[in-house]
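J.: Please work from the sequences and hints to get the whole structure.
Protein chains in written order, with the UniProt record's numbering: chain R, 1 to 287; chain A, 1 to 516; chain H, 1 to 337.
Be aware that a few hints might be false.
As the list claims (entries may be wrong) - Here are some of the chain H residues that sit facing chain A, going by a computed Cβ distance under 10 Å:
#1 I38
#2 D39
#3 L43
#4 D49
#5 I55
#6 K60
#7 D159
#8 A179
#9 S254
#10 R264
#11 E297
#12 Q321
#13 S329
#14 D332
Stated by the list, open to error - A short list of chain A residues far from chain H (calculated; beta carbon distances all over 10 Å):
#15 A14
#16 Q274
#17 E277
#18 A340
#19 L345
#20 E350
#21 E352
In case anyone wonders, no lab produced these hints; they're calculated from the structure. The C-beta atom is built at its ideal place from N, Cα and C for all residues, glycine as well.
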Amino acid sequence: MNRLAIPKTYKLYIGGKFPRSESGRVYEVLSHKGDFLANAAKGSRKDARDAVVAARSALGGWAGATAYNRGQVLYRIAELLEGRRAQFIDEIMSCEGVNAAGASAQVDEAIDRWVWYAGWADKYVQVAGNANPVSGPFFNLSVPEPTGVVAIIAPQGAESLLGLVSAIAPALVAGNTVVVVANENAPLSAISLGEVLATSDVPGGVVNIVTGSPAEIAPWLATHADVNALDLVGAGDLDWVELQISAADTLKRVLPPEVGADAAAPALSRILAFTELKTVWHTKAIL
Amino acid sequence: MKFLDYAPAPESRALLGLKSDYGLFINGDFTPGRGTPFQTINPATEQQIAMIATANEADVDAAVSAARHAYDGVWSRLSGSDRGKYLFRIARLVQERARELAVAETLDNGKPIKETRDVDIPLVAAWFFYYAGWADKLDHAGVGPNPASLGVAAQVIPWNFPLMMLAWKIAPALAAGNTVVLKPAETTSLTALLFAEILQQADLPAGVVNIITGDGSTGATLVNHPGVNKVAFTGSTSVGRAIARSVAGTDKKLSLELGGKGANIVFDDAPIDQAVEGIVRGIFFNQGHVCCAGSRLLVQESIHDDVIDRLKRRMQTLRLGDPLDKNTDIGAVNSAEQLARIRELSDLGEQEGAERWSADCVIPENGFWFAPTIFTNVSTSHRIAREEIFGPVLSVLTFRTPAEAVAKANNTPYGLSAGIWSDKGSRILAVADKLRAGVIWANTFNQFDPSSPFGGYKESGYGREGGRHGLAAYLKPAVRTGSRSITAAADHPTTPVSKKSTSAGKKSASAEKAAK
Amino acid sequence: MTQSPLATYQPAQRALALIGGEATDANLRRYLHGIPGIDAVGLEARAADLGTRSIKTSSKRWAIDTIIGLIDLTTLEGADTPGKVRSLVAKALLPDPGDPGTPRVAAVCVYGDMVGSAVTALGSAHAAGGTSGVNVAAVATAFPSGRASLAIKLADVHDAVAAGADEIDMVIDRGAFLAGRFGQVYDEIVAVKDACRRADGSMAHLKVILETGELNTYDNVRRASWLAILAGGDFIKTSTGKVAPAATLPVTLSMLEVVRDWHRLTGVRIGVKPAGGIRTSKDAIKYLVTVAETVGEEWLTPHLFRFGASSLLNDVLLQRQKMTTGHYSGPDYVTID
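T.: Shown next, in the form of structure tokens:
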């Protein structure tokens, strides 16, 4: 006799908590075969707004943490993910219809991606910064800093976990905080990742995950004045040009959609895309 | 006599041989524009200097074609070292003709000759010299090995530092291997056209740099032209926004250097006399027509009265008048339009209850002038504390603690520049960390150098000019058949994977939409 | 500007009022270190900027005659003799024999034992502190090093004043200053000032030489300037001319800023004397500009500003001849003294 399973309620992840959508809406998440898997929260514009507030308030602490600390926190995510491989493999198999080997490979790669990006936290400044030999009695240094609150439309294709990790990890490296709209059809691993984050050392509000319809939520994020950057990596099927035009109103930094297997491939440039270069001049004199 | 009424010391105009009419510089030659020519005037006298051509759509098209042709046929095939040699030549020619360029700039812009002579033109030469040396070292620009140029760069520049802005745009573009179509500001085209003559002297291949003149619509036509691969704009935030909208959905790489409302923070332990000089340099340099001006003075409340007293005394020694006089500190406002805006915002400051004080100076009869002015008792909610005035008008606010200073400094949609005055090194470093601005001057202000990246946070734009980062704005990573694996990325950590193209149909449709 | 009550105080009273206690090392240190610091880069940039003023035609003519009238024509050699001093005095009185309309210099500056020779040579042209004629300034207090006992230094001053010196150029004890013994430096200046008193109760003017080249930093120069003024110096002077660097424009600017602030604070005007290293009229004009734009052109009077120089005069005379005749002159057309 099989034990009756306890299904999980999948909710949003905002400000370190797991609220239901304020709208009360849910939508059905189906397996690749069309079977019911769960009712995911259907995030609204107000949920997105709350997520931006949470991200903004978490920004000072996260951006102000030492690079060593941020690196360790990101590495800790990999550690916890490793411990919950089985859960993620299960969810990916049921959602995406891949076999165990495929799901396992995806989880492995997602874990390794966290590790790769974690290592950048205390290095990207050295690689992208500069001491500038200005002609005058000045000490002049340029350093990249986090842009601020980054809104991300997660990749919507296959490999829901890897796509999500590939999009949020680089933004976190520099100290940005994130509002991410998850893969609409395969949101389960996103919420489970939220559970990992909640039990890791990532402060609440640093990553905020909204499930639901990117088409509905993205315009609100693109026009939100307190969002500093917009990663449209997974917005290829949306009216992303319109989103870019909206983002221009507050001169957000925008990354365009990417599709295919290489979408959001690991690269230093993804980290630097959400940084601002600050140059400081100091006078220099012995007298 | 009063010694301080220094006798006139005008710079000679004799070395300037100007033409009465200037055409467009397309494909290496001057050619008449097909639009209606307009006059460029000396803002200090309102007298006409010359007639300038207007480029219409067909002219823009011709310029972009010339640039494309030069890119495909010559410039992209040239070795980096040869590109560099052309830039070195240009740097030297600018140095040789420096005085002539300074006089022309002062005549056309209204800024004092001592600034064009000692700041603008020397920086123009320095910019070309700096980027000349980069042309054959692009592997080290920070975008990975064998980076590629972008193609044709459309560059639109403002009137406040005409030739300097040209240099900031053209030098890195050419060093990186791009060709250029540049449009100077309507009121300050003159030195760009003299620069075109320098390009002829340098024997730069035809079409590598094209200079087209006209008003804002010419600029819009240029940045919207489907044949350009890069758009670089310096100017107002509102135009920057419009450009960002118009390039949405295209592959055009964009850099924007826009407005600012820089905070100049003076702590109670500041080196006070230097701080006063820095305040003056921050807001009265170039009549305050500086996007990175320190237009908001944040002074610690405990020293407010002393600082303002010293500042007023210092302002009384500022000499406003003939820009060509070597002793002039404050020249003419560049245009009647700009003067009207400065007046409007200043009057508003008074209406909002701020206290206005202007240095006592004689305003010449003709031309556009505005006396150096400060507003005290300004609140953060006043429009003169929030909007860019772009003139010699300083808004003074106070703070009590460093944390309050940082909060007030950052309380703006802009994020271009800031100043910090303190004798305490650790506080300077910490405050500099917390300020959301792209350029921060500690115990100095308004310093520029070709090796030092410049550009803003937030609504002050994106992309950097100057330094290695300014070069990267004109490059893209080498195209490679990428693997997404971490191993591959780790081998080439600075090489991002090339963007996947979306459907071509979608893009062109959206470009049309954006152009409306 | 409203008159500060401090203006009516005697120097010693004023100092006590400002320092808030006796002139001890600790009190003086607290006071001097409470004065805002100087950023050297900004100071030097401001000086360089002032140096770019272009002084032409009528302004230049005025400047040249003004410079001559502000010169302390100086000879401070071990080889000085009465004959050399007579020659110097002759030059002071008639700088350009080809143009008797040339102004006289403000003073001749000599060692203490040469004061008598200078007074004799000047004869009726000795201004003796008045407004017409030429003053005699004497360096004193074991110039240039100042390394002697206070008694010796004071004797040096007494001798010079008794011999008819109108102005005493003393040196501060730089060693004491750098060691933080501000009280000692202060007390010495007060004592020297007292020694400037003549039998009739009148006072020789006291110029306090900081020897800025040995103080080294601008912050030290600023503090030493305040200290010298607090102690009652009438003038602050950059250098002995025996230490490099001597006067520089930034150093002089920083001292002028002190003088300006002292005037704002007390209403009292203190003089400034850059000395050593100013050799050309072009350089001297930069100093005039710096004075005029920092403290105001009312300072461009011998009571408030001097150049300590020797070779400067001839360069100024060459410029003057050029302005008079319209063509360039040469060194054979000015006299060596």
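J.: Of all the hints given earlier, name the ones this structure violates by number, lowest first.
T.: 7, 8, 12, 13, 14, 16 and 17
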